[in-house]
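There are 2 protein chains.
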Amino acid sequence: MSTLQKYRTLLEIPDEMQLLTLGEGHTPLVRSRSIGPDLGLKNLFFKLETLNPTGSYKDRFAALALSGLLADRAPICLATSSGNTGAALAAYSTIANIPCHIALIDGTPMGKLTQMYAHGAHLWMLKDFGKDVKKTDEIFEGLKGIAREYNTGIQVSAFSTQPFAMQGVQTISYELCDRGNQPQDVFVPAGGGGLTLAIARGFQKWSLAHKALHTTRVHCVQPEGNDTMASAIRNGKRAAPVDKSTTTISGLQVPSILDGNDVVREVTETGGNGYLVTDQRIMEWQESLARKEGIYAEPAGAVSVAGLERALQQGEINVNDNVVCIITGHGFKNTSAAKPEVVHINEFKELKKLLNKL
Amino acid sequence: MSTLQKYRTLLEIPDEMQLLTLGEGHTPLVRSRSIGPDLGLKNLFFKLETLNPTGSYKDRFAALALSGLLADRAPICLATSSGNTGAALAAYSTIANIPCHIALIDGTPMGKLTQMYAHGAHLWMLKDFGKDVKKTDEIFEGLKGIAREYNTGIQVSAFSTQPFAMQGVQTISYELCDRGNQPQDVFVPAGGGGLTLAIARGFQKWSLAHKALHTTRVHCVQPEGNDTMASAIRNGKRAAPVDKSTTTISGLQVPSILDGNDVVREVTETGGNGYLVTDQRIMEWQESLARKEGIYAEPAGAVSVAGLERALQQGEINVNDNVVCIITGHGFKNTSAAKPEVVHINEFKELKKLLNKL
Numbered sequence: 001m002s003t004l005q006k007y008r009t010l011l012e013i014p015d016e017m018q019l020l021t022l023g024e025g026h027t028p029l030v031r032s033r034s035i036g037p038d039l040g041l042k043n044l045f046f047k048l049e050t051l052n053p054t055g056s057y058k059d060r061f062a063a064l065a066l067s068g069l070l071a072d073r074a075p076i077c078l079a080t081s082s083g084n085t086g087a088a089l090a091a092y093s094t095i096a097n098i099p100c101h102i103a104l105i106d107g108t109p110m111g112k113l114t115q116m117y118a119h120g121a122h123l124w125m126l127k128d129f130g131k132d133v134k135k136t137d138e139i140f141e142g143l144k145g146i147a148r149e150y151n152t153g154i155q156v157s158a159f160s161t162q163p164f165a166m167q168g169v170q171t172i173s174y175e176l177c178d179r180g181n182q183p184q185d186v187f188v189p190a191g192g193g194g195l196t197l198a199i200a201r202g203f204q205k206w207s208l209a210h211k212a213l214h215t216t217r218v219h220c221v222q223p224e225g226n227d228t229m230a231s232a233i234r235n236g237k238r239a240a241p242v243d244k245s246t247t248t249i250s251g252l253q254v255p256s257i258l259d260g261n262d263v264v265r266e267v268t269e270t271g272g273n274g275y276l277v278t279d280q281r282i283m284e285w286q287e288s289l290a291r292k293e294g295i296y297a298e299p300a301g302a303v304s305v306a307g308l309e310r311a312l313q314q315g316e317i318n319v320n321d322n323v324v325c326i327i328t329g330h331g332f333k334n335t336s337a338a339k340p341e342v343v344h345i346n347e348f349k350e351l352k353k354l355l356n357k358l
Numbered sequence: 001m002s003t004l005q006k007y008r009t010l011l012e013i014p015d016e017m018q019l020l021t022l023g024e025g026h027t028p029l030v031r032s033r034s035i036g037p038d039l040g041l042k043n044l045f046f047k048l049e050t051l052n053p054t055g056s057y058k059d060r061f062a063a064l065a066l067s068g069l070l071a072d073r074a075p076i077c078l079a080t081s082s083g084n085t086g087a088a089l090a091a092y093s094t095i096a097n098i099p100c101h102i103a104l105i106d107g108t109p110m111g112k113l114t115q116m117y118a119h120g121a122h123l124w125m126l127k128d129f130g131k132d133v134k135k136t137d138e139i140f141e142g143l144k145g146i147a148r149e150y151n152t153g154i155q156v157s158a159f160s161t162q163p164f165a166m167q168g169v170q171t172i173s174y175e176l177c178d179r180g181n182q183p184q185d186v187f188v189p190a191g192g193g194g195l196t197l198a199i200a201r202g203f204q205k206w207s208l209a210h211k212a213l214h215t216t217r218v219h220c221v222q223p224e225g226n227d228t229m230a231s232a233i234r235n236g237k238r239a240a241p242v243d244k245s246t247t248t249i250s251g252l253q254v255p256s257i258l259d260g261n262d263v264v265r266e267v268t269e270t271g272g273n274g275y276l277v278t279d280q281r282i283m284e285w286q287e288s289l290a291r292k293e294g295i296y297a298e299p300a301g302a303v304s305v306a307g308l309e310r311a312l313q314q315g316e317i318n319v320n321d322n323v324v325c326i327i328t329g330h331g332f333k334n335t336s337a338a339k340p341e342v343v344h345i346n347e348f349k350e351l352k353k354l355l356n357k358l
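In order, the protein sequences belong to chains A and B.
Using my numbering, read the first sequence as starting at 1 and increasing by one per residue.
Using my numbering, read the second sequence as starting at 1 and increasing by one per residue.
Simulated from the structure, these hints should not be mistaken for lab results.
Among the hints, a few may not be true.
Which copy is meant is left open, so a pair is good if it fits within one copy or across any two.
To be verified - Pairs of lysine-lysine residues, derived as DSBU-like cross-links and limited to a Cα-Cα distance of at most 30 Å, are as follows:
no., residue 1, residue 2
1, Lys349, Lys211
2, Lys353, Lys144
3, Lys134, Lys357
4, Lys357, Lys127
5, Lys244, Lys292
6, Lys134, Lys237
7, Lys135, Lys339
Can you make the complete structure from the sequences, with help from the hints?
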C-alpha cells in the first residue's frame, strides 16, 4: 500500500480521489554506524529520502499533486523547480498522462535535467530565476498568470502555493512515528522551507490523532549564503528574503520567502532551532556520508548532518536522544564535483603488481 | 527490519552472523498503467529494484557479501564488476570498514564509476575484460589467485563463485510471494544468469516452506548479442559461451558461462523459457518505461519488458496471468544516450509566447 494510502486518514484528501503511486515513501531509517558514534551520539539515524522513485522526498509531493491535477482534469502541469521537484512532477505526469512544463532555476545541474527529460518534460531555463530575488518573484507571478489561463495552479513545493499536495510530505513524520520510536530531534535541510514545515506539521497532526510519546524538535538547517529563516528562528525575528543567494548548494538557493514565516513560527513551537552551515562543511559531510556510511547523497542532502554538528558544538542536543537527519536527495542528481579516478590496465600482471604494493 | 533479517529463516546464514543493512530490498511492486493494457495484459507489475540504496538489485547481494566478509575478518573486498555489483560492494564495504578493490569490465559507464568512486573504492579498468571470453576467463583466474593470497574469495555476483551471498538476491522472490499475490510469470534480464537463478531458487525455497499457490514460471531474457543461455533453454541444450559479446547493453555483456547451466536446468524446471531481444527494442522499452510509466531504468533494466513483448508475440503468455517484470537498475547509472533538450530563455515574455503556441 502506498504511503499516501496508508496515512490517508491523516491527510485531507477527497474520498473519491484516486491516489497515483510509483512506490514513493516507506523509505529506510538506517542507524548510523560511524558518524553518530564519532560525534558522541548514541542513537543517530538517517531517513533515506534518496530511495524515493526519482531520488528525493519530492515524490511524496508529486504523487499527491498529480493525483489532484488528474482529479481536476487539468490540461497541464506547470511547475518551477531547481531540479528535484521537476524530476518528481515529470515522472508522475507520465502516469497521469498530463503534459509537464518546468520553469527551471538558472543553473539546474545536468543529472536533474537528464531525469526530467527522460520522463518527457518540456524544460525552460530562465535567466537569473531562483538567484535574484526581484526577478524570481516577477517570474513566479508571471507563471501564476499563465497557470490561471489553463484553469490550474502553478506547482511549487511550498505550502504557500500548494497546501494540498504538500500534505504528501507530512508522511515522512508519520513513518517516523509509526515505528514506535518517535525521535526527539529531526534535522532538516531548508531552502524555501516547505520540507521543514511539512515535517513539523506532520508530527503535530500525528500527536493529535495518536497518543504521542513526546514532542519532536524540528530543526531548520540552511547554508550561510541563504539565511532566510535560520537566524530568524534563533533570534525570534520574522523570515526575510536575501537579495542574492550566494550558496552553491543546488536546491537550497531560493532567496524568496515561500513558507518562511510559517516555518519560523512552527519550528519554534516544536522547540526546534535554526542552524547555519558553510558550503565547505556541507561538501565534507557529503563525502563522509558516502565514505563512512555508504550513503550517496547530493550536497543538499547532507545539510542536515552539518546542522547536527553545529547543534552539538553549541551544546544544544542531548547525546542520549534519538536523532534523525533527513537525507533529502540522491548523489546521482548532482555529480558535478565528482571526477572518478580509474587506473587503466593493459596487462593483468600490472594489476597484480599494483595490488601487492598496497 | 531489513529484508535479509525478515527472511533469515529462508536463507542459510550462521546464527551468530550480524547482518549489515543500508535499507536494501522491500522494493515497490507497481501496477502497469499503460504498457500492460497496451500489450493486452490485465495484470502486469514492475518490481522496482531501481529503488535499492545504490540503485540496483545487487545491494541484496552486497549486504550479505559484506556481512560474510566482516564475520570472516577479511582484509579486502576484491570484486569484478560491470558497475552495479561494484557500486553495491563499494557502498557496503564502507559500513563493514573493509577496503574495496574493483576490477572493472572494459567500458563501464561513467555513472557507475562515479558511484563507486564516491564510496571510496579503488577502481581498476582492465582491457578487454568482460568482452573477450578468453581474456575474461584468464583475468577471473588471476583474480581468484590474488584473493587466495588474502585468504578470501573474489566477489562475483554468481552462484558459481559466491553461493552464500547470492542467497540475498532470493529475497526478491520472497517479497513477491509474501504479498499473497504470487505471480504466474516473472521476466528477468540475464547476463551471467545469477539473478535469474536466484529468483528461480527463491520461488522454489518459498514453496518448500509455505503452501505455494502455484508454480511461478521464471523467464530468462538476453540481448541477441550475448545468447549464452536463452536459446539453450528454448532448445533443451547446454549453456555456451560466446566468443565476442556484441550487445551494447551494459551489464549484460558477460560472454562467459557463470551460472549458465544451472539457469538452463532450473528455469526449465519452473516451466519458464528463454527470450532474445534486440538492443534497439531494449532502448525503445527503456524510453517507454520513462515516458509512459514514470520509471527511469537503465537499458539493462528494461530488458525484461522486451522479453515479455516477445513472449506475447509468440503466444506463450496467458493475458489473464499475473506477470512481473524485474526492473533491475536505475537510469541514472547509464545516461550516455540521454542529451536533455532545454530551451534557454532570457526574458519571461518569451516563455509566455512559447507556451501560448503549444
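Hint check against the structure, violated hint numbers in rising order | Of the numbered hints given earlier, those the structure breaks are 1 and 5, listed in rising order.
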